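Chemist: Single-letter residue listing:
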Amino acid sequence: NAGVTQTPKFRVLKTGQSMTLLCAQDMNHEYMYWYRQDPGMGLRLIHYSVGEGTTAKGEVPDGYNVSRLKKQNFLLGLESAAPSQTSVYFCASSPRPGQGFITDTQYFGPGTRLTVL
Amino acid sequence: DAKTTQPPSMDCAEGRAANLPCNHSTISGNEYVYWYRQIHSQGPQYIIHGLKNNETNEMASLIITEDRKSSTLILPHATLRDTAVYYCIVRGLPQGGSEKLVFGKGTKLTVNP
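As given, the protein sequences belong to chains A and B, one line each in that order. Numbering follows this note's numbering, with no gaps: position 44 of the first sequence is 44. Numbering follows this note's numbering, with no gaps: position 5 of the second sequence is 5.
No lab work stands behind these hints: they were computed from the structure. Any given hint could turn out to be false.
As the list claims (entries may be wrong) - Label-pair ranges, simulated between beta-carbon atoms:
hint	chain 1	residue 1	chain 2	residue 2	range
1	A	Phe10	B	Lys105	20 to 28 Å
2	B	Met59	A	Lys9	34 to 42 Å
3	A	Phe10	B	Asn54	40 to 48 Å
As the list claims (entries may be wrong) - So the derived list for chain B, only partly shown, Cβ under 7 Å to chain A, looks like this:
hint	residue
4	Pro44
5	Tyr46
6	Ile48
7	Gly50
8	Phe103
Predicted model only: the values in this text are computed from it and were never measured. Ideal Cβ positions, reconstructed from N, Cα and C, are used throughout, including at glycine.
Just chain A, same shape as in the assembly (with noise of 0.2 Å):
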């Protein structure tokens, strides 16, 4: 059981370039989050989804979309890098309410690096 995992860990991208982050989870979890950490900052929440087909907007959704083909994973996409989007990008999933659970418990990957020259 690997839990949460992020891919890659980290990556240099210049400006203007594309790429995707993917995220994995092997605990049959129904919520999957984006988050980014800032230096100085606490995490902020990009993108969300409820279920494999959904996605929702977090706080910071400008310049990046998603997408939640399967249930299992989770994708952040950055169509046109900027340095603003330099940070540290966390997945995180959590069971739905109410599947035996009684909380929403998020449980983390270990971060992607990414830094936009």
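Please arrange chain B on chain A, whose structure you already have, making use of the hints.
Modeler: Same frame as chain A, now just chain B:
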């Protein structure tokens, strides 16, 4: 979600108990208290959560006051690997979709040899 207040930093000797306080005086009746921690350069890690009763698991104990306005996370025998930023988060059940966890500044716990 209710706001929480935590001391910015604490020190603890290795092998001793670490008691991390959290104030949440505006907590409402259906809101849970969660604790997460983030070890340097790693993703946040869930520790424990509770509603009104004290809770214990293999990592820690959570003591919630009777009026629920404050709580204490207890690491019974702190090790150097427990050095991390500890976040106290108060939130209710998600409404419809599952909203973000609001991580404040947390408490930087340093365990000293």
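Chemist: Decide, hint by hint, whether the structure agrees.
Modeler: Hints and how they fare:
{"no.": "1", "hint": "Phe10(A) x Lys105(B): 20 to 28 Å", "result": "26 Å, holds"}
{"no.": "2", "hint": "Met59(B) x Lys9(A): 34 to 42 Å", "result": "25 Å, violated"}
{"no.": "3", "hint": "Phe10(A) x Asn54(B): 40 to 48 Å", "result": "41 Å, holds"}
{"no.": "4", "hint": "Pro44", "result": "5 Å, holds"}
{"no.": "5", "hint": "Tyr46", "result": "5 Å, holds"}
{"no.": "6", "hint": "Ile48", "result": "9 Å, violated"}
{"no.": "7", "hint": "Gly50", "result": "10 Å, violated"}
{"no.": "8", "hint": "Phe103", "result": "4 Å, holds"}
Against the hints set out earlier in the document, violations occur for numbers 2, 6, 7.
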